[in-house]
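Listed below are the residues making up each chain.
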Amino acid sequence: MINPFEDFKDFQTEARALPLDRLAPAHDEAMAALTSGYTKLVEQEVKSLVWFVEHNRVIEAYTVACEVIRGLDYDGQHIEEFCYQLESGTAMPYLISGPAGIYISALCNHVPEDDMVLRLRHMQRQMHFLGYRLPHGKTLRIEGDTGNFTGAALNGGQLIVAGSSGDWAGAGMTEGKITIVKNCGRNTGEWMQGGEIWVGGRIHGLGRSVSGRIYQAGDPVTGRER
Amino acid sequence: MSTEDGEERQVPAEQAAALRRTLERVWPLVRRRHLFPELPSPRLGSSTSRVAMEIREKQITLNLDYAAEISRLIPAETVLTALLDHAVSHYTCCPWDLTTHLRLYARAKDILGDADQARKATDLFMDVVANTHAVKERQSPLPSLYRHAPRDHADEILCCLFENIWGMDLGAKDHRAEVRRLSAIPYLDKRRWPASLTRFIRGIRPLLEDAQAEAAQDQSGMGGHGFRQYRAEEIEQALREFAKEVDSPQKFVEIFEDIQNDLQASGHCDLEGMGYGKGCPVDANWLYYMKLAENYALPVKKIPMRDSGNLHPHSHRPWEIGQPVREVDPWSSFGKYLPGITQIWERREGEIFGVKEKTPDCLIIIDSSGSMVDPRARLSHAVLGAGCAADAYLRNDARVAVYNFSDAPAGGREHLPFTKSRALLYRVLCRYFGGGTALDLPEITGLVRDTEADIFLITDMQITNLDHTIARLSALHNRVTAVHVGKKPGALRFIKAAKRTPNISVFGVEKPADIPRIVLGSVRSYLAGGKAKKKIVEEPAYWSWTKVPPRRK
Amino acid sequence: MTTTNGTHLQTVRELYDFIQSRLYFNRPDLRLNGTAYNSSLLLNLLTAVLGGKSLIIGEPGLGKTTAAEYVGALFYRLPVGTLWASEVAGHPEQTEEKIIGRPDLGKLNQGQEEVVWSNFVQLPVKIVDEINRLPETKQSMILDGVDRGKWEYLNEIIINDEYCLFATANYQDRGTNTIIAPLLDRFDVTVESRYPGPSYAFLISQRQEKEKLLRHPELEGELQAALRSRLLPEERRTRLAAISEAFGAFLGESFGLTTLDGQGRQELRRQVLSMPLNQDGNAFTRTLLAELSFCHRHGQKRSNEICDEGCHYTGYLCHRLLNCASNRLPVSVTNYSKALAWFAGADSVSLEEIRAVAPYCLAHRAQWTEAHLSLRQQDRRNDPFHVYLARQAINEVYQRYSEQADHVKEALGRAYRIFQGEGLEPVAGDHPIYAEIRKDLNLEE
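Protein chains in written order, with numbering that gives the first Met the number 0: chain A, 0 to 225; chain B, 0 to 552; chain C, 0 to 444.
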């Protein structure tokens, strides 16, 4: 039978191979992997029916997040892109502030770079738990506002928020430094075990800290002791 | 990229002539590489601006001074080829047409909120896409041009980006941090352009803000890609498609007002369905509904054909013994009765033009009380349906009147007498009073007395003087179609009354989005055949593709 | 008389220039590679070159028949008067005897059958005026004959070595029979003989003597005598060739024109049809055909099947069409694009020639849905409505093709290898061409 494609047997593409041909699909792959990890986390959380902020639940969610991201290949750009992708999605997986923040924090804590910037200034929603358990040696700069529990359980890292944060900033942090350029909400430093919180603007309310130092506009403020 | 010192230089005549000859030589080759786009031959012309080219209504004009300047660094053939590759790629790849351009611009405007920034961002994005397409798919020497042409800050960033994504050394300064976010965007995937543009804007936002703060040059070195590069037919088509795509009239109005100056400057903007004349202000609200309604075109009534009632000799067939000799054609038979020679006439009834009924005029009564949607704020399906009906009647050479009412006795009404002006009709249709709901019945019935006009009533039936309305409409001889939204008590009374009156049809829709479909269905059935004054109209025929000639009965 | 360089291109171009400057005045409306041509004249000339069938439409009195007469007269070296005598007029009373042939009446009275063939059948240039007014049986008879070059009457057959058909049709006509779709499909191209504009129209009124330029009463008489003579077919052919040679000499002496004899024309046709298509032209044609006949739901387009809304391929042409493209369409497109490329002096047929020619080949074959017709009816255009619709459709396919040209060609290249037995996966894509390739390779979708 005659081959109807005979005329194209010698076809050679004249298109140039560009680095873009590799960069874009690699990015998509990384994003797909991050999305898949987040979906697994949310599915896990959904089993418990309700997401609520309770110490053990948060730890459990973080543990699951660390497991699902193990072996993933990504960098800071991917994390930032993932934040926006979550926000703009209307179907699952979409942004659920608590689990999303835990997941992002897990990603930030395990990213190869020690210095990272997340430009979240143009996000409409703020995520909670950003900077959760940021370890020693890591610096995370967030441009934009953050939600509640910013820098909770900070573990020696440097967290800078070039914006305002919500309530419970620095809750349960053990060491390290949180810098919030603008204002922060209530219960700042609740259960703080050590480290520093610097707030450039106004602190709306202090939590009951065990130890550590909190500064407002350069001046130290006293945390209520337990 | 711009001429180094920004000063105008007079290009020597010899050099200009040489460049023109080179342009004539390279253009066919560029066209071939780009798969023969339908563009007029480009020109070289002097310009007071520093940009490399200008595109107006598909005409590409390269800046002679710019080309001459760069030709001192690299061969003229390379310069001109690269510039043409850039221009043609805008036409053949991104944005390709005005619809895509508007889509991208609207997305950019959503993100940035500022028209100038949105334009700049869209231009830069389109430049990256077009250039990358040219380099990857069309073997363009653009990298040579970028390597040697002078650059400002924005061009430096772009150059650095190009170095990353093309894998070529263009001599750009190190802006790796800025371009990292921009390097993994799938620029050549058209389906993902909106999302890619969003990511692109996030990446270049600081650049846009700096450029605005410094009131920097308002065009990239390659030239801005305004909305003047499109032709009239493209603009009409694009607005039609864009009206369908946007989710609210406000969005359409916002974008249209941003580009209106460009369109008016090129003379493609006037009221009457985007005809061509300068200086006519266009209300974008009406234009939105006009363009949206064009997507729902109904066919024009055809001239019916009918049998003539007379048999005429149609064709020959061989005579067989036993068939009547009366029908034998003696001339074709050469006077012989012989098998194979004798021919008999086959007679058929001919077809002649039937009687085309004149399309009656149409009165549209539209409710714009507070309970109806404000057509300027959100898509009003009532206005859209009314517009579709109006267009259908106009296209069939009938006139349309509009009675837009809210609390009519209190003055909340606007009435347009029978007219064929599309713009005026939409002006009145789009009017929104937002008050109570009452009709001025004597006024309405006065409009249609002694006419056979069809009446379309679009309302939510929360009419204060509903019973009188029902009585008055029932007394008319005109065909009345009432479309209401939801099951209101008034609707049930209307339906009950309509059952007794053969000329009134009532349709209820669950969702306002069904109004255009219902209205068009009624219009279609009215135009297909109905009672109206009969009138013979002589009009040209056109081929009927599937028509089989009539057989003799 | 043949050209010394053997390519005949210059000859044909001179004919075009001569007709355009002396006989048929009209505006150029077809641009190719920077040169503008008049579509009606050019496509009719290419019809003569290829031996095709051209349907010429237009308002009454705008030179539909005269364009065909000039082209036929010059290309085939026949005086215009002879062509006038051989034209078939479209009216319902036309008979087979007037169109094809009749018995020799004298011999019939003696009980013998001998056919006197009509001029229409004998001459290579066949012009039918107002073909839409003929009954469909006569239309079919003419088109069947021109399809094969074979005419039959009373069990006698005459075969044309070369032939071309020019059929005209008015827009406005009362009591018009229509040309039904299967017959329309037989035509290669539809061209419109347009209004030339006031200046050219005025020029035509000033140059009425042009009607006589291609007349030659003496040779016309000889031709008529030869056509009616009782010579054996071979002898008649030789006689006709000699007379047309004489007319060719007349054209050379009077206007300096070089014309082609039968052998030259055959050689010319071979040259034209041997023009290769480049890969883009080839792939674009396949892409166009894919969109015209594809149906995801029903396997192929069929006139009696309705396309549903919500099909994945709603954005493609198949959604707006009612019928399937016939196999004659690619024949017309490739032949005419080869002729056009040859005429323009190209080495191969590219996408440009195919885009230029395809609207004229598709216009009369595509049956569009009512919704599409009404949506486009109000568009601003220069072409007749159906040519405009075809042009818009082809532009859309061109856009889609140019976005993915390499991908399509790669798909076709890989399909070659799969067809040869290599265990590769076919290239995937959104366009119907990829689905059609899978079907060609007998793979499940």
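Keep in mind that the hints were calculated from the coordinates and are not lab data.
Bear in mind the structure is a predicted one, so any value in this text is a computation, not a measurement.
Glycine included, each C-beta is placed from N, C-alpha and C at the ideal position.
Be a bit skeptical, because a hint or two may be false.
Derived Cβ-Cβ restraints for the label pairs, each shown as a range [stated by the list, open to error]:
id	chain 1	residue 1	chain 2	residue 2	range
1	C	198	B	261	30 to 36 Å
2	C	208	B	55	41 to 47 Å
3	C	380	B	476	37 to 43 Å
4	A	88	B	74	35 to 41 Å
5	C	202	B	191	37 to 43 Å
Structure-based check of each hint:
no. : hint                        : verdict
1   : C:198 <-> B:261: 30 to 36 Å : holds (35 Å)
2   : C:208 <-> B:55: 41 to 47 Å  : holds (45 Å)
3   : C:380 <-> B:476: 37 to 43 Å : holds (41 Å)
4   : A:88 <-> B:74: 35 to 41 Å   : violated (50 Å)
5   : C:202 <-> B:191: 37 to 43 Å : violated (56 Å)
When held up to the earlier numbered hints, the structure conflicts with 4, 5 and fits the remainder.
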